[in-house]
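**Student:** The sequence shown begins at 122 in the working numbering and counts up by one.
Simulated from the structure, these hints should not be mistaken for lab results. Note that CB positions come from ideal geometry on N, CA and C, so glycine has one too. Hints are not guaranteed to be accurate.
Simulated restraints, written as ranges between beta carbons of each label pair [to be verified]:
#1 Lys-138 to Asn-248: 44 to 50 Å
#2 Lys-257 to Glu-308: 37 to 43 Å
#3 Ser-445 to Pro-353: 15 to 21 Å
#4 Lys-261 to Lys-161: 43 to 49 Å
#5 Glu-244 to Leu-402: 49 to 55 Å
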Amino acid sequence: MDILPHLCYDNSGDNVKAVGIICEYNPFHNGHLYHINKIKEMYNGYKIIVVMSGNFTQRGDVSILDKWDKTELALQYGCDLVVELPFVFASQSADMFAHAAIYLLSELQVDVLVFGSESNNIELLKNLAKIQLEDKRYNKLVSTYIEEGISYPTATSKALFTLTGKRIDKSNDILGLSYIREIYKQESEIEPICIKRNNDFASRELSGNETSATSIRHALLHGEDVSNYVPPKTNQKLTKKLYFNEEYFPILKYKILTDCFLDKYQTVEEGIENRLRKYMLTSKSMEEFILKIKAKRYTYNRINRMLTHILVGFTKEEAKRFKSPEYIRILGFTYNGQKYLNEIKNELSLPIVSKFTSIKHHGLQIELKATIAYASILEEEEKIRVIEAEYKNSPIMY
């Protein structure tokens, strides 16, 4: 577990305080840079520890840039340590995504979590999280609303509104609630702090200086210039090969139409597999296919995650094996990030993975499988490079 075996430190006077960020950086944009700079302003001298999804994201999207490019950008723009949120958690619901991210940040002894919020009301979010955990009426209401045929996120928002008169239905607030709830459930000492989110997380329209990642991806898909909305180093990265969900449609069509047991895959509920086959046969694009499947109960993101699990071949049996993260995989660090790891390494209960082959773990094998799926649209030489990077790359040092 020694990250820097060739260096020794006198840690007696070190301040190891750290701020956590949970992110996807898909792609890293001006709003993300504002977030980091605000943290530096609020917590001068603290290390910035990032838990980041890799080549697939919580919304079920492929990452427009690969995990190594995202790591490099995070380090270049002020983060000290980038840790991978494993695919088996990163591609799941907000609750599972939050559970794993908070678990890793707690293990890494982060003092504060700073996240974006539309409401920017941390006390409100804390109170609502406590209601979700402690008020027995909440779960009963959620179950009732789901039985009426609405989606889980909508049901949770409606239940809270029924109990409190407060409406929480924006993406960052919903994720923030999940983070706070996990902090309470895990009895973590992390202090949650929110900062104002200045744009519509889900909007496809470019706007202002700090537009959403969704709008940037949509613009890039249609060949539009996004240089006003991303930092210069991100703009340079965006000149290379980018990954879009639509490119995986032919592979998904083959898998869905030829696999007789689609319900074995994680998040594919029994009964929907017939709809998947029916509409895949006549659909000409990923967007058309998802919109045909989409319903009150099945949100766009939920279907997207379902398709990601089919693409990767991630099964329900595999998912059962993972309750919480069982290792800490380092994607990159600065000198200060290395130093921080060495200061806390003896207090960690999870093994540190700085080389893919340093431990044998089923989660890492699924990570490799996810990268193989991610690289499947590439030309052969580039495909080999991306796949080999998964098990050959050492953490990026910046």
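**Student:** Confirm or reject each hint.
**Tutor:** Hints versus structure:
1. Lys-138 to Asn-248: 44 to 50 Å: Distance hint for Lys-138, Asn-248 is violated at roughly 27 Å.
2. Lys-257 to Glu-308: 37 to 43 Å: violated, 21 Å
3. Ser-445 to Pro-353: 15 to 21 Å: For Ser-445 and Pro-353 the Cβ distance comes to about 38 Å; the hint is violated.
4. Lys-261 to Lys-161: 43 to 49 Å: Given about 44 Å between the Cβ atoms, the range holds.
5. Glu-244 to Leu-402: 49 to 55 Å: holds, 51 Å
Figure legend: structure checked against the earlier numbered hints; hints not met, in rising order: 1, 2 and 3.
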